[in-house]
Amino acid sequence: MPFSLSPLPPRQFDHAAARHLLWRVGYGGTPQDIAHLVKLGLDAAVDHLMAYPPLDPAAAIPSHLDPNIIRIRTDEEKKRFKKARSEGDQATLDAARTMRIEARKVDRQMFEQLQQWWLQHMIATSRPFEERLTFFWHGHFATSQRSVGDAYLMYAQNHTMRQKGRGPFIDLLTAMIHDPAMLKYLNNDRNVVGKPNENLARELMELFTLGVGHYTEQDIKETARALTGHAVHDNDFQFRPRKHDDGDKNILGETGPFDGKTVALLLAQRPACAHFIALKLYDHFVADVGDVDNQVPDDHRPAIDAFAQILRDEQMRIGPALQRLFKSQHFYSSKIVGQKIKSPIQLVVNTVRSLSTPLRQMKHLLPALRKMGQLPFEPPSVDGWNSGRTWINTSTLLVRQNYIAYLTAGLAVTRKMKPGDVPYRPTALLAHLNNPTPQVAADALIDHALGSHVSAARRAPLHALAQTLLADGLHDEPLSHFIAALTATPEYQLC
Amino acid sequence: MCKHHHPLSCDTPAQALYAQGGFTRRRFLSHSLSLMSAAATVPAFLMHAGDALAQDTTMRLSSTPGSVDGRVLVVVQLSGGNDGLNTVVPVADDAYHHARPQLGLTTQQVLDLPGIDGIGLHPELGPLQELVQEGLAGIVQGVGYPNPNRSHFTSMDIWNSADPSGRNNHGWIGQALDPTYDPAQSGLDCISIGNAAPLATLGKHIQPVNFEHAYLFRYAGRDLAESVNDTYDAVHHAPPETAQDPLAFINRTALDAQVASQKVRQAVAGESNTPWPKSTLANQLKMVARMIRAELPTRVYYVTMGGFDTHAGQKGKHQSLMKQFGLAMQAFYNELDATGNRNRVVSLAFSEFGRRVQQNASGGTDHGCAGPCFVFGDAIQPGLIGKHPSLTQLNDGDLIHHIDFRSVYTDLLENWMKLDPIQALGQRYPSAGVFKAKA
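Protein chains in written order, with my numbering: chain R, 51 to 545; chain B, 345 to 783.
Simulated from the structure, these hints should not be mistaken for laboratory data.
A portion of the hints provided could be inaccurate.
As the list claims (entries may be wrong) - Chain B regions said to be covered by chain R (calculated; three or more residues, Cβ under 8 Å): (1) 529-541; (2) 548-555; (3) 592-603; (4) 638-648; (5) 752-765; (6) 768-778.
Quantities reported herein were computed from a predicted structural model and do not represent experimental measurements.
All C-beta atoms in this analysis are idealised placements derived from N, C-alpha and C, irrespective of residue type, glycine included.
Given the sequences, and given the hints that come with them, work out the whole structure.
Here is the structure:
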């Protein structure tokens with residue numbers, strides 16, 4: 051019998067299942083948030099997380115972001131600088147240079163604020179799935195400020211991913227082939243007729259749609275021709291007809307005068323594309339299987355194949371396909387729950403959202419995430435971030451544990467770190483319990499922070515700790531120490 | 345001998361470490377043995393350490409001085425783009441003085457190199473001059489790569505990954521060390537000091553240990569309460585039910601981290617034998633020297649010095665940078681000499697690019713291309729290596745390289761570390777002539 055992603059029987063959607071859903075599809079939540087999902091039931095809970103109006107007013111352009119900091123020169127400036135060059139007017143040329151350096155400096159500051167803006171939005175949002183999905187696409191169509199050097203374009207790309215992330219893949223793909231940040235990142239400004247630059251064409255096939263092995267070098271060359279003349283003017287895409295090669299191209303066995311739009315259509319329709327996108331979504335939301343097809347563990351293959359089929363059945367509409375995945379029995383099985391390593395951003399955002407810790411001093415977050423290996427808008431390469439075990443080594447694990455100790459217990463790892471002004475009130479996490487003993491409180495917190503699947507043996511040291519720390523009652527400070535210990539367990543790195 | 349709160353604890357508070365004074369291999373081994381007898385799941389490599397002691401050999405735990413196995417490479421990354429032209433100065437070239445009417449250094453100012461006419465060192469590089477005279481420092485001139493990129497990030501990534509296409513998520517050191525990866529070993533193959541592990545050190549398997557200060561390289565939650573500290577140890581020493589799942593993997597990594605933390609902090613806690621100047625680079629190299637002395641099994645150390653992006657008011661800034669750099673490198677080799685480790689340490693200092701030939705109107709220089717690298721150690725070819733780039737044949741106002749940086753890496757990997765350069769660089773590059781005869 052072929053593997054199917056058949057739906058979970060509704061009565062099996064209990065507190066543990068609802069928690070799993072919220073941890074994987076969003077960034078966690080409070081015990082009350084989980085209880086709300088249980089009450090809704092499986093279908094309504096998934097729909098509740100995934101259905102929202104297209105535009106999030108809370109994700110509107112951040113007020114600090116000036117689209118015109120990095121800008122092209124006006125005609126007047128061009129004329130003036132040309133004159134200065136021909137006359138050897140060093141003062142004017144130096145003024146132009148200073149202006150450019152100043153602009154980059156302002157852009158760098160804006161960019162840091164942009165990174166903080168996104169992290170803060172992830173923490174505060176009422177639409178956490180939108181952030182998870184947008185981050186998925188950010189890793190898939192990986193573009194880095196380090197090469198783009200224009201904070202506004204990075205935001206604009208984020209906005210596009212937000213708008214089109216749930217829709218038909220072809221819409222997002224087409225938008226990315228025309229996205230100014232992407233075109234700059236992969237040097238497509240320099241892709242012109244007669245002198246094609248293959249950078250975007252190669253990644254388009256290898257990393258964005260088909261995966262290795264489903265195209266030839268010749269296909270890349272021909273696709274590069276199709277993308278000639280795709281350039282950026284100021285903050286917008288610009289098609290330059292005279293730089294575009296409008297001759298026939300032969301791509302994947304099809305011949306025609308392909309351009310960006312038609313080549314996107316051709317690629318998005320290939321079965322290999324559905325399979326590749328299915329694999330990447332599965333790796334992001336379901337299990338750490340990696341994104342290299344021939345390295346996927348055998349026991350996950352049937353589920354990925356079935357999900358690829360669902361994607362095709364849904365005409366590559368991402369939202370509806372994921373909805374079916376998140377309602378499937380497979381998604382809630384014991385070999386999936388609690389087996390995925392949290393990305394650094396998941397780890398931090400989930401901690402604040404599910405344990406209701408204060409964010410403390412925001413300025414320490416970006417340096418900590420840099421040490422953990424994941425900063426928004428700065429993927430390490432066009433290949434995005436690797437998932438799973440690559441997040442954990444002897445250095446990053448200690449950084450992860452220490453940053454969580456800072457959030458939960460206000461523990462300053464360096465002298466510069468201050469706990470911040472907002473106190474942590476973890477007693478609120480136990481508000482639903484009636485006068486619990488230390489052990490009952492400990493179990494409730496273990497179930498919430500680590501998951502109810504944690505075995506009795508693994509709970510024992512934490513029970514002992516609760517008896518010591520909470521003997522005099524469930525007060526905020528000893529509870530925050532208990533939570534610090536709880537979140538330093540290996541289980542807490544997983545979700 | 346460790347004053348633990350918990351019998352299984354592997355963490356020694358910082359003060360206790362200082363009180364113990366210098367770290368010795370024997371002390372660590374006895375510590376690890378007592379730990380092993382008590383703990384159910386000790387990191388695999390510690391078990392080997394026990395075997396090693398039993399056989400009266402230390403090869404599993406430490407590199408042995410004097411053998412290829414004991415060789416160490418130290419990389420000093422000079423971030424921001426060092427002005428190579430004012431570091432290794434072509435004072436006899438009129439084009440130099442023409443391009444740098446204010447910033448240029450004169451024949452009277454620069455420091456002579458033995459047997460070299462027309463090229464001198466920045467006046468603050470006295471310590472480097474002495475190292476050259478002692479046969480301990482070499483300068484590889486005009487190092488770069490084709491189609492140079494003038495972005496700090498991109499060019500630094502290219503130097504780190506040894507791949508101008510920018511598609512490589514791994515670094516030259518990590519990839520060179522990858523074939524030596526052994527999950528049963530310490531995980532201390534490569535240590536980097538700084539705010540995040542540099543791309544150069546990331547392999548497919550090899551992951552560097554990274555920290556800003558050794559005292560930060562531990563789980564800080566231990567300080568919250570004795571009971572929290574004990575629970576942390578108890579949780580990690582109760583093995584998860586299966587050995588292969590991600591839980592067991594994380595548990596094992598946490599135990600490895602504790603042992604690595606203990607070793608590193610113990611190594612760094614000792615006193616130095618020689619005086620050190622005060623600077624960020626000197627502080628980092630001081631830690632490295634102590635870790636080398638403690639015979640950690642680390643093969644590559646990576647440190648970083650910033651501030652070389654001198655667009656404006658370069659004169660004073662560059663002076664201070666040169667002074668810090670020269671003094672720190674000299675102090676490093678003095679300390680290595682005093683601890684008997686000089687012959688097993690070769691160092692490379694590089695920057696992502698040099699700066700433009702022509703000074704700008706702000707008393708500084710803008711991003712350029714080729715520049716010099718510095719190599720240190722007993723085995724290297726002292727003095728100038730290769731020729732100075734031409735100041736008249738330029739590429740868009742920038743120096744053209746003679747030596748590909750991957751040739752420098754090739755020498756370091758192949759001649760010194762006895763590692764396969766092709767593994768790290770993807771192809772064979774000609775030697776840059778960094779080493780004397782056969783190193």
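Consistency of the hints with the structure:
{"no.": "1", "hint": "529-541", "verdict": "holds (count 4)"}
{"no.": "2", "hint": "548-555", "verdict": "holds (count 5)"}
{"no.": "3", "hint": "592-603", "verdict": "holds (count 7)"}
{"no.": "4", "hint": "638-648", "verdict": "violated (count 0)"}
{"no.": "5", "hint": "752-765", "verdict": "violated (count 0)"}
{"no.": "6", "hint": "768-778", "verdict": "violated (count 0)"}
Of the hints listed earlier, those the structure fails to meet are numbers 4, 5, 6, in rising order.
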